[in-house]
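Counting in the numbering used here, the sequence shown runs from 1 upward without gaps.
Be careful, since some hints might not be right.
As the list claims (entries may be wrong) - Listed next, the in silico SDA-like pairs over lysine to any residue satisfying Cα-Cα at most 25 Å (straight line):
(1) K252 / S141
(2) K363 / F61
(3) K363 / D382
(4) K92 / S406
(5) K192 / V344
(6) K265 / K192
Since the hints were made in silico from the structure, they are not lab data.
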Amino acid sequence: MPGYDFLSGLRVVEVAQLGPSSLGGYLADMGADVVKVEGAEGEPVRNSGSPAVGSADGYGFLHLRWNRGKRSVGINLKSPEGKRLFEALVAKADVVIEGMRAGVLARLGLGYDHLRELNPRLVFCSVSGLGSTGPYHTLGSHGPAYDAFAGLASINPYSLTDEERAQLQHTAVGMHSMGLHAALGTLAAVVKAQRTGEGSMIEVAASDSAAHWRPDAVDVALNREFVVERPGFLNSAHKQLKWPRMSVYPTKDGRRVFFQGLGDKFWLRFCSAVNRPDLLEIYRNADDDAAADERAHAELAEIFHTRTLDEWMDFFRQHDVPGTPVNTFDELARDPHFLARENVYEVEYPGVGTLRLATTPVKAEGQRFAPSLAPAQFENTDEVLRDVLGLGDEELDRLRAEGVVS
1 MPGYDFLSGL RVVEVAQLGP SSLGGYLADM GADVVKVEGA EGEPVRNSGS
51 PAVGSADGYG FLHLRWNRGK RSVGINLKSP EGKRLFEALV AKADVVIEGM
101 RAGVLARLGL GYDHLRELNP RLVFCSVSGL GSTGPYHTLG SHGPAYDAFA
151 GLASINPYSL TDEERAQLQH TAVGMHSMGL HAALGTLAAV VKAQRTGEGS
201 MIEVAASDSA AHWRPDAVDV ALNREFVVER PGFLNSAHKQ LKWPRMSVYP
251 TKDGRRVFFQ GLGDKFWLRF CSAVNRPDLL EIYRNADDDA AADERAHAEL
301 AEIFHTRTLD EWMDFFRQHD VPGTPVNTFD ELARDPHFLA RENVYEVEYP
351 GVGTLRLATT PVKAEGQRFA PSLAPAQFEN TDEVLRDVLG LGDEELDRLR
401 AEGVVS
């Protein structure tokens, strides 16, 4: 069962593993019926990654996120009859996702050029690590490689020392952004197909997703001859070093708060509310920006240590001063703002219990986000082939006996 109902009626056939499965996951979150076609090896992320749920061979959390709301079907795409079943599914689909090394389906005789003959309105989206063109396209790739390629190695733990890695909670950009970019492109192509009856072949590479993540980085490098450096952040008059007016401070209870009094109006409100007008003088006519920063940081550190995090959050709301908690993941899971915005839903995991999982950043008025648990391998084979293709029990038994379906 998908999440919301926005894409209700949109049928997606997915042949994907690992990170590229997130594309189908985003579509299922929005209501699409995503049929995940799996071979004998299955989805590697289903029982891999640490931590696991319930037991050492339980589901991984990436599987629970990327594959929730989908239906799993086992079809042997290397067999002639398996290919015919796949073609029959595609003929009734709106979208096909190829989420492996680019060109895998074409090598099986099931590429876009062939499939669009069966379904001219078909949107075919290929999601891969390095794409289908360019000098690297034949290479295999893994998640950390995309950030390294894109100049984001400074936040790639595999490029850091052991000591630096221990200090860093890394979020892989390419691996997690490719599905978002692919969802945008796929839905745009679906709108065109609905308007014109014409399908599309689109492609998203994780390496490109990472490379495009920061336009102020690669675009600067592409235009070095035109670049002029301006002083300070947002044209501030000061080249502040520590940014004490937008920085993290420990609170009385051992938590941390991210103070954002950078704007003058917020800085004035803060200084007035804490009855410290002397702080305003620190940056007025300062001759030494670094010394001003150092003094301001010391003063603010002392002030923020006088109250608990909850007290500071009450203060920020009362005086309209920007500030947020600096949460660990465990703290985020208990954060009242996170919970109040319906960022958690519950789903039963048979044999384990009730899981509390993150929903989606997309909130829909009048709808409750409650997708079904990510499927077990081949869990829905009979259901899908009956409902979509009208196969009966006798035919399903024959196909299973011949190794065509699982």
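Verification of the supplied hints:
no. : hint        : result
1   : K252 / S141 : 46 Å, violated
2   : K363 / F61  : 22 Å, holds
3   : K363 / D382 : 33 Å, violated
4   : K92 / S406  : 21 Å, holds
5   : K192 / V344 : 34 Å, violated
6   : K265 / K192 : 46 Å, violated
Hints 1, 3, 5, 6 from the earlier list are contradicted by this structure; the remaining hints agree with it.
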